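Just so we're aligned, residue 7 is where the sequence shown starts under the working numbering, counting upward by one.
Treat the hints loosely; a few may be bogus.
Quick list of in silico lysine-lysine cross-link-like pairs, DSSO-like style, CA-CA up to 30 Å [said to hold, decoys possible]:
#, residue 1, residue 2
1, Lys154, Lys79
2, Lys311, Lys79
3, Lys396, Lys334
4, Lys334, Lys311
5, Lys311, Lys367
6, Lys334, Lys79
7, Lys396, Lys367
8, Lys374, Lys334
9, Lys334, Lys367
10, Lys396, Lys374
11, Lys396, Lys311
12, Lys79, Lys396
Computed Cβ-Cβ distance ranges for the label pairs, DEER-style [stated by the list, open to error]:
#, residue 1, residue 2, range
13, Arg404, Leu129, 27 to 37 Å
14, Thr310, Pro240, 47 to 57 Å
15, Ala314, Asp254, 50 to 60 Å
16, Leu73, Arg327, 24 to 34 Å
17, Asn324, Pro130, 20 to 30 Å
18, Arg404, Lys334, 20 to 30 Å
Worth flagging that the hints you see were computed from the coordinates, not collected in a lab.
Quick caveat, the model's predicted, so the values are computed rather than measured.
For every residue, glycine included, the Cβ atom is placed at its ideal position computed from N, Cα and C.
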Amino acid sequence: MRVGSFALCLAAGHAHAEGQRFDASGFVGLGVFGDDIELGNSWAPEQVPNTAPVVGARLGWLAVPRLLGPVDKAHLAFGLEGELSLATSFTGGSSFEGDTGRMSYFAPVFGWRAHGMLKLAGLPMVTPHLIVGAGGETVASSSPFMSKETDLVLYWGPGVSLAISDRWRVRIDVRHGVMAARDDGMTSTLEAQLGLAATFGDKPAPHPHVEVIVRDTPPDPEPVPEPPIAPPDPDGDKLTGTADRCPDAAEDFDKFEDEDGCPDADNDGDGFEDVRDTCPVMPETKNGVDDVDGCPDTIPDTITKALAGGSQLVFEANRARVTPAAQKVLRPLYQMLLAHPDVMIRITGRPDRAGNEDLAKRRADAVKWWLVDQGIIEGRIAISLGEPGKPVVELSLRTQ
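Let the hints inform the model, and build the full structure from the sequences given.
Given below as structure tokens:
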């Protein structure tokens, strides 16, 4: 008998987008407009928007993730943000029509702004920032003493973000703005914001993949005679008797000496097991460059030239100071170490004459600490003392 069957397979495809990061946030706060603000063109002094609660939202783009400084430490980053806000303001005056003064009217102020943001990124938990921007403030009120209008606002202010997870953070901002005043001058506005922000755009969510497989169930098999008794095979690798030199350890059938019945954990004998060896049948060349992939390689010309150039370093007589001229000589070496983060080097100080070993060591130390000050990890640099001769500082690769 044949029957139909089907299988439903679900898979999640993971993709990593290396695009720029975006963030979105909402906020609440308090806006202070000032008594002499010109917004609304009111001739009555109290008929202007008063201090009021503010709600809003913003969308940001991290345009330059690393503007200045090393990416793995504290560094400056630059971003752009657009912002919309609503201040639920009322004008001054009385709330009752029977009072002798002018009434208070609802005068909401809509804000639309754009600004640049300079952030100090790379700190644990806390990210300070500074913004500078411009936009407009639009008032719309039923007050007969005001008109609906929009005025320009220029503003700046500091702020800080506090991380509460990999994606979410609390953000605090303080703004100082400048707007037109009724006396044809300028007046200040203040705004304080407390918001919740989320980062997105760097790691998109997996997209589920659904596959439906429809197949027929095969018919019941015909009875077959029992197979003959096979020789014992304890490890189940189908090699038996004298052909299996390792009867209790199964052959791994990795196309390397598969006929002896023994597993070959490290085919090329370079110390890297095949499961983590990129080149399992070619031994690693341990020369200080990419020594962890298990593959043979040669030292790139860029590394050779950087080491040779750094060995041409000249010091002042009887001094161990890295002068500006010496820094220019070491700059290609520094750039090479940035481009090859796995490369480790040895700095050998050579006395220019017998008995001058202390100066030779201090010169080697001076080169090391200059590189560390530029951001190179100290553990990548080793110091040693060589025989008298030249060069006074010799640079070479090391494998550990």
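Going through the hints against the structure:
no.: 1; hint: Lys154 x Lys79; verdict: violated, 49 Å
no.: 2; hint: Lys311 x Lys79; verdict: holds, 28 Å
no.: 3; hint: Lys396 x Lys334; verdict: holds, 20 Å
no.: 4; hint: Lys334 x Lys311; verdict: holds, 14 Å
no.: 5; hint: Lys311 x Lys367; verdict: holds, 24 Å
no.: 6; hint: Lys334 x Lys79; verdict: holds, 24 Å
no.: 7; hint: Lys396 x Lys367; verdict: holds, 14 Å
no.: 8; hint: Lys374 x Lys334; verdict: holds, 15 Å
no.: 9; hint: Lys334 x Lys367; verdict: holds, 21 Å
no.: 10; hint: Lys396 x Lys374; verdict: holds, 18 Å
no.: 11; hint: Lys396 x Lys311; verdict: holds, 18 Å
no.: 12; hint: Lys79 x Lys396; verdict: violated, 37 Å
no.: 13; hint: Arg404 x Leu129: 27 to 37 Å; verdict: holds, 33 Å
no.: 14; hint: Thr310 x Pro240: 47 to 57 Å; verdict: holds, 53 Å
no.: 15; hint: Ala314 x Asp254: 50 to 60 Å; verdict: holds, 54 Å
no.: 16; hint: Leu73 x Arg327: 24 to 34 Å; verdict: holds, 31 Å
no.: 17; hint: Asn324 x Pro130: 20 to 30 Å; verdict: violated, 44 Å
no.: 18; hint: Arg404 x Lys334: 20 to 30 Å; verdict: holds, 25 Å
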